[in-house]
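Oh and the sequence shown: position 44 is 27 in the numbering used here, straight run, nothing missing.
I should point out that these hints are in silico values taken from the structure, not numbers from a laboratory. Note that the coordinates shown come from a computational prediction; the quantities given were computed from them, not determined experimentally. Relax, there's no trap hidden among the hints.
Lysine-lysine pairs mimicking DSSO-like chemistry, simulated, CA-CA at most 30 Å apart:
hint: 1; residue 1: Lys415; residue 2: Lys321
hint: 2; residue 1: Lys64; residue 2: Lys226
hint: 3; residue 1: Lys128; residue 2: Lys415
hint: 4; residue 1: Lys372; residue 2: Lys415
hint: 5; residue 1: Lys226; residue 2: Lys414
hint: 6; residue 1: Lys415; residue 2: Lys163
hint: 7; residue 1: Lys163; residue 2: Lys414
hint: 8; residue 1: Lys372; residue 2: Lys414
hint: 9; residue 1: Lys128; residue 2: Lys36
hint: 10; residue 1: Lys414; residue 2: Lys128
hint: 11; residue 1: Lys128; residue 2: Lys29
hint: 12; residue 1: Lys36; residue 2: Lys226
hint: 13; residue 1: Lys36; residue 2: Lys64
hint: 14; residue 1: Lys163; residue 2: Lys226
hint: 15; residue 1: Lys36; residue 2: Lys102
hint: 16; residue 1: Lys321; residue 2: Lys372
hint: 17; residue 1: Lys128; residue 2: Lys102
hint: 18; residue 1: Lys128; residue 2: Lys163
hint: 19; residue 1: Lys321; residue 2: Lys414
hint: 20; residue 1: Lys29; residue 2: Lys64
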Amino acid sequence: MDANTLFTSTCILRDVDTDVGVVAVVEGPDAGQEHPFVEGALTIGKSRNARLKLTDPAVSRLHCELVRVPGGLHFRDLGSKNGSWVGGCRLERGVLGPGARVQLGGTVIEVRLERQRLKQALWQGGDRFGPLLGASPPMHRLFAKLARVAPGDSSVLITGESGTGKEEVARAIHESSARKDGPFVVVDGASLSRSLADLELFGHERGAFTGAEVARAGAFERASGGTVFLDEIGELPIEVQPKLLRVLEDRTVQRLGSGARQSVDVRVLAATHRSLATMVNEGSFREDLLYRLAVLELAVPPLRDRGGDVRLLARHFLRRFAPDRRDLMEALDRDLEKHAGYRWPGNVRELRSFVRRLVALGEASVGAPAIETEMPDTIRVDLPYADAKEAWLGAFERQYLGRLLDETGGNVTEASRRSGLARSRLHELVKKHGLR
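Produce the complete structure using the sequences and hints provided.
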């Protein structure tokens, strides 16, 4: 299915009155510039890749960004050298209402909201898009964007908090593209050291290093004809990034131990929960790589912004994990109603773990849906051995890892050192329990 067919079969275009964000430069070398935007992040800085480009020498290359939110614009400083200032106070992040002014170096910007009538794509394709499930307006807006983005071949950067389902979004793109019958290869950047990243991404020849008894294709070769998904791209070692950039530029790879480059036919999708623009300013991520990856950008909404999707997803997980336990459905609904104000910091991953615990413990109510930090008082001998063991071990892992991450300030390297767990295993457990 081509891009136009998928879009026209699932979306309609309609004129909608919309609050358009406008950033105006009111003081400084670029006074008079205005930049309207409806969605996505508006980056401001001296870089040619910034959406609002400034010439002020006191402004950083990627100084700050703004995102449309109800009632205003959410502002975030991207680790700029000279900071962002409002009324003499340094501003790291916050929501700016209409008329607010921010000083960036010798430049002052003003944010405005203007009501305009714009054509907007409205999703009409139901509550699913591939593996994704959602009935809320934020998800339907995402589905409409996916209908445009998926059938093409451009690189896509998927952003969002941990646990929001970025890998599922990548799978949805792959399954709705012309590459759907090709491989979908996932590379977890958070679990790779520099040497492992080289080998996993680009492969090696026989004899390339001690112990390399057979040649091995890297992820890009294995994904040829399909899609490679680079999860947690922000964790990729800086030393490996130039090699990845070259793959994106000329679609060729070179195995370790080989003198030749070979062509690969892949679409590249990447995901991160971090601000790559901030990492660019810190020197830990290449700016040219960022904009090669972010030809198109999709933001996955957090679960707290998805309203009734919590119940929809919880019921879906319960039917999947325990199709014969219809007796738990009513108890699940009561428990979710009781904790309706809970914000689900672990997002969809946390909700999925919550439903798994409900099924494993076999109880009608398991208390607050937040990740449980207390060990069970008793061992459930009324459950099968494997289920009882899973429930007990899961509680231990959540308590141990939660305290470990609290004490190390979320520093994975330090947490790995203290615990004696390999970084890859630690990341796997953290991801499993929705702790990041």
